[in-house]
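Asks: Residues per chain, in single letters:
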Amino acid sequence: MERLTKDDVHPSIVKALLDQETNVTFEDALENEMILNMGPQHPATHGVLRVLLRLDGETVVAAVPDLGYLHRGYEKMAENMSYYEFIPHTDRLDYISPPANNTAFCLAVEKLYGIEAPVRAQYIRMIMTELSRITSHLVAVGALAMDVGALTVFLWCLREREKVLNAYDIICGARFTTSYTRIGGVAADMPDEAIGIIKEFIAQFEEKLDEAERMLNTNRIFVERLEGVGVISGEEAINIGLTGPNLRGSGIEHDLRRANPYMLYDQIDFKVPVYNEGDSLARYFVRADELRESCKIIIQCLDKMPKGEIMLNSPKKVLPRKTEIYTKMEELIHDFMIVNFGVKPPVGDIYSGVENPKGELGFYIVSKGEGHPWKMKIRSPSFCNLQSLGGLIKGHMISDVVAIIGSLDPVMGEADK
Amino acid sequence: MEIKDKIVPLLQEQFPETNFEVTDFRGDLKIKFDASQIYPVCNFLKNHDDLKFNMCEDVTAIDWATKKNRFTVVYHIYSLENKFRLRLACDVQENHPHIASVVPLWKSANWYERETYDMYGIKFENHPDLRRMYMPEEYEYYPLRKEYPLMGIPGDLTLPKK
Amino acid sequence: MGLEAKLMSDGFITTTIDALVGWARESSVWPMPLGISCCGIEMMAVAGPKYDIARFGSEVMRFTPRQCDVLLVAGTVTYKMSHVVKKIYDQMPDPKWVIAMGVCTSTGGMYRSYSVVQGIDHFLPVDIYLAGCPPRPDNLLNALMLIQDKIKHTRARDFQNIPLLEPVKVNGN
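Chains as they are written, first to last, in my numbering: chain A, 1 to 417; chain B, 1 to 162; chain C, 1 to 173.
Each hint should be verified, as a subset may be incorrect.
Taking beta-carbon pairs under 7 Å as the criterion, some of the chain B residues facing chain A (in silico) [what the hints assert, rightly or not]:
1. Lys83
2. Ser108
3. Leu150
Honestly, the hints are just simulated from the structure, not real lab data. Even for Gly, the Cβ is constructed at its ideal location relative to N, Cα and C.
Given these sequences and hints, build the entire structure.
Replies: Following this line, the structure appears as structure tokens:
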């Protein structure tokens, strides 16, 4: 095997540091500053986040996050494909909650087209979004617990998550990357079997959640490692652009489902959990409470969901049904045109933001009247939440860095795009 | 009076010299004006008692691939109090693309502007730390510009030796 | 495995060193879980209670490459990340094997773009390509069993030049 030289291993900045002549002697090693590289391969960075830490002893003096290790060029790819083709790509943005991303993207494109999905489809989307909120928060809580040393809860959370994934499996044929929504509706109707599984899951979930919460909330190690760690005030949180549970953990009651209701959230009764402390523990509590709220929303949606169409009937904008494509000439032509050239929206630009499990996921689409977007910008919540990381970990110990990253719950897939 | 109807008259009153081009597409209010005015206008929008746009949600740019007014820098700002989102847009020229940074107003703009710089090469003046966001530091192209091919330029990024 | 049965009867077995070492190796493959993106979540599911990788002796996920036998590259490898992956691979002690989990690791998959490496075999020797985006957990277990089979049939004198055998392709999903 070829030996690496120093030039291969270190970028120029570190090399400059290493090449400097120095006459500092080590009397007490802990009195000297040092630079620690954390990530991109680190079990607690939730993917490939890299943080450069400047340490004085074990205290973090300064920190610089480095992103881009998972930069896949989504925005460039979006400019080269039709709106329909981009739906599977949205799965892999925030890959812990794919249906929520599908829904967010389809809502954006529907806003651009000026259409709206039928009522049943809207309810199905809401159910899927809330289910994905449950899976996302389960992973967030479990991973946070694992990061601070409570592995049991992580396994319990994964066990519950598998039950939701079973429901996905029946609803859309994939347990993980769902690609379930379509522009103007959803791909397939929600079968009664799946509804049964969801109801069964929710019926037993409360108890399991209580069990996990008892385990964590009464655990002195867990509470003491999070309480007062990574505190951010409400004003500062707004200024730095936090959204989602992280913002609500700082005492700001902002939830796009409530502030600018989309789909049918204005007809649903739910609470927006808010905690005022602004520390890692508050962010954990918000997520735990949201799990219960999501269950409430799903039950209401299942009750209110009417029978009916799941796809809009709008031949030139929405893919026709397969049975009609096979039997009618007109529909066949529409299908051919939509699949090959895409649907031509009006010229203009829109921004559509929805409340995803991680925060506000927004799509800014600029259309020149072609079948593919001229520009698409993804405003991803993890990217903005990560921005606060540098300030949050300043002054804390190395071991707190892990807890703070876990409590921010970033997903690098959407942070790096 | 709706917040939507209030913004433009207030802006026009404060900046009588500036030409504000207002469009309303699908309920999204967009205000376009001269790039030199970006900082004062944002400052006014953020600190006005009725408007209070206290959150900067997004900064990005559009490459129109034209000779004149090649780039448009787009800002999305949100008012938590009024629950209203506003879009600001400023044209930027191709040679020496630059615009004033809004980081002193909203800290969140820091990374958005870095990302825009990384992808389009637009320089944000007075930005505290204008480095590349995603691509490696020594990278010399701007991927989201229209002349940059989807598959990249062969040899621009290196792989480790096998 | 039948070893107990042998002990009960004669009290000794005849075998070759290669077979014995291969048998010991294949039963405790320690993976290096390089969870980069979506596949990393499915890898977590494999470690979780339902699929339970512990049944195959591989539940010891070590996050330090020095202690690992199999590099599990789970997720899209970008050019920026490729140097890190290579560095981790170089740190692993011989003998070592590589599983390319998911299509974007194997071939670039749906990411035909400027920043994604079109298959990690451009810079790493790969033993198993695992299809699926992401592969289902059962599929990953299948890959693990295949690599166990491969480890079992690897002789000590083959270690110098990796890759040892021709890559195996797994169909699925």
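Asks: Determine for every hint whether it applies to the structure shown.
Replies: To see whether the hints hold, each was checked on the structure:
Because the smallest distance between the Cβ of B/Lys83 and any Cβ of chain A comes to about 4 Å, under 7 Å, the interface hint for this residue holds. Interface hint at B/Ser108: satisfied, since its Cβ lies 3 Å from the closest Cβ of chain A, which is below the 7 Å cut-off. At a threshold of 7 Å, the smallest CB-CB gap from B/Leu150 to chain A is about 5 Å, leaving the interface hint in force.
Of the numbered hints given earlier, the model fails none.
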